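*Asks:* Sequence:
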Amino acid sequence: MHLNRVCVALNDIQTIITKMKAEEEVALRQLQQELDDNFKSIFDRYGRNGIPLGELRVEINERALMEHIPVERMNYLLQRADRDADQHVTYREFSRMMTEDLTKEERKLFPRMMRTAIASLIPRREREDFIANYNCCPPPIFIPLISAVEIAVFIVYVFDLKKNNIETTSTTGVALYSPLVYKPTRRYEAWRFLTYMLMHQGYLHIISNIGFQLLFGTTLEIVHKWWRVGLVYLLGVIAGGLAHSISDHNVSLVGASGGVYAILGAHVAAIVINWKEMNYKCLDPNEMQDNVCFGIGRILLSAPVRLAIILLLVVPDLSVAIYRRVTEPAANKIGVTAHLGGFLAGVMLGIVILKNVNTLTWEKALGWVTLAIYLAFVAFCCLFNALYEGYPPTDWTALA
1 MHLNRVCVAL
11 NDIQTIITKM
21 KAEEEVALRQ
31 LQQELDDNFK
41 SIFDRYGRNG
51 IPLGELRVEI
61 NERALMEHIP
71 VERMNYLLQR
81 ADRDADQHVT
91 YREFSRMMTE
101 DLTKEERKLF
111 PRMMRTAIAS
121 LIPRREREDF
131 IANYNCCPPP
141 IFIPLISAVE
151 IAVFIVYVFD
161 LKKNNIETTS
171 TTGVALYSPL
181 VYKPTRRYEA
191 WRFLTYMLMH
201 QGYLHIISNI
211 GFQLLFGTTL
221 EIVHKWWRVG
231 LVYLLGVIAG
241 GLAHSISDHN
251 VSLVGASGGV
261 YAILGAHVAA
271 IVINWKEMNY
281 KCLDPNEMQD
291 NVCFGIGRIL
301 LSAPVRLAII
311 LLLVVPDLSV
321 AIYRRVTEPA
331 ANKIGVTAHL
341 GGFLAGVMLG
351 IVILKNVNTL
361 TWEKALGWVT
371 LAIYLAFVAF
381 CCLFNALYEG
391 YPPTDWTALA
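Taking full-length UniProt numbering, the leading residue of the sequence shown gets 1, the next gets one more, and so forth.
None of these hints come from the bench; they were simulated from the model. Treat each hint with caution, since some may be false.
[To be verified] Here are the simulated distance ranges between beta carbons:
1. I155 x P316: 29 to 35 Å
2. T361 x I166: 54 to 60 Å
3. A372 x Q79: 34 to 40 Å
4. H249 x R324: 16 to 22 Å
5. L180 x L215: 20 to 26 Å
Here the structure is a predicted model, which means the values were calculated and not measured. Using N, Cα and C, we set each Cβ at its ideal position, and we do this for glycine too.
With the hints as constraints, model all of the structure from the sequences given.
*Replies:* See below:
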């Protein structure tokens, strides 16, 4: 009789234990789902390395989030979270700590505390660290799309020229009869100040332009997004066309160089308004010790290195083009002023249009000034085109 009672009691205890385990498993699954919903996307923004442990600890201390958990216990939990001792907490490490190391009471408090700390940490990091703003959401769209359009137009006119027994070579072959080409005699067709970017003279011309804009334009889009880069590119093309129209009164214009140089100018603008943020921890010895490759990457992406690369590309190219323009005006066919106009437009418009991760008062003022200069330039060019009498006679014939 007593033995039966003991067996029943043991069965009851076993049932209770099984039920508690089942409830614990359900609670852990719910907790894991809550972590996935609230924290995984935040950790993803930090990349594979995870959140720096030191920054997380500082944020928790500054926000007085340890009122309900003793300092020693908090430090122990954060240390436990960094299981591989790399001074970073990945989402996997964070999730393991939350499900394995916390008591039931701590699980009620800890998610709210960590959410508050991490949520305030991300905007601060993005304001201080330019690299933290690199993400592919949305991915580069404008530069790949406009490049595809330019290639398609080039191919169409290659076949169209071939029908007229004109071969396209590395440096020759452009359909000057196209309604897309800027022509001094048809300046009243205002779309030509933009659509000339779709036409190119020879394979080398389009290959170099597409290569440069894919290399420098897509990297710009990763931070500043396609709508900002697209606006700077198109307005740079227009500025290049207008600059060419007031300096080369008798010369047609083709090529996307105005847009390409606007992209290069926009890089300079991004460096100017984000100088401090681009240099974030680039010479920090701790950064180099934690991850040598990442530390070297910071140096290579720092503001002085970026500026040196852009200037090494732009200054020699423009200098040679200007020199040839002066010494060999008859032989030189490069639209120097289109390049220069696009570049300056990229600088001026980039300051006001591109993403400024930590806007300062003087940067806002500079943006208004550069925008005013750009608009004044456009207005001057429009008046010059309308009033100057040195252009060739206007061709009023209808398009074929």
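*Asks:* Compare the structure with each hint and give your call.
*Replies:* Hints, verified against the model:
1. Under the hint 29 to 35 Å, the C-beta atoms of I155 and P316, about 31 Å apart, fit the expected range.
2. A hinted range of 54 to 60 Å for the beta carbons of T361 and I166 is consistent with their spacing of about 57 Å.
3. Between A372 and Q79 the CB atoms are about 55 Å apart, so this pair departs from the stated range of 34 to 40 Å.
4. Under the hint 16 to 22 Å, the C-beta atoms of H249 and R324, about 19 Å apart, fit the expected range.
5. Checking the proposed 20 to 26 Å range against L180 and L215 shows it holds: the Cβ atoms sit about 25 Å from each other.
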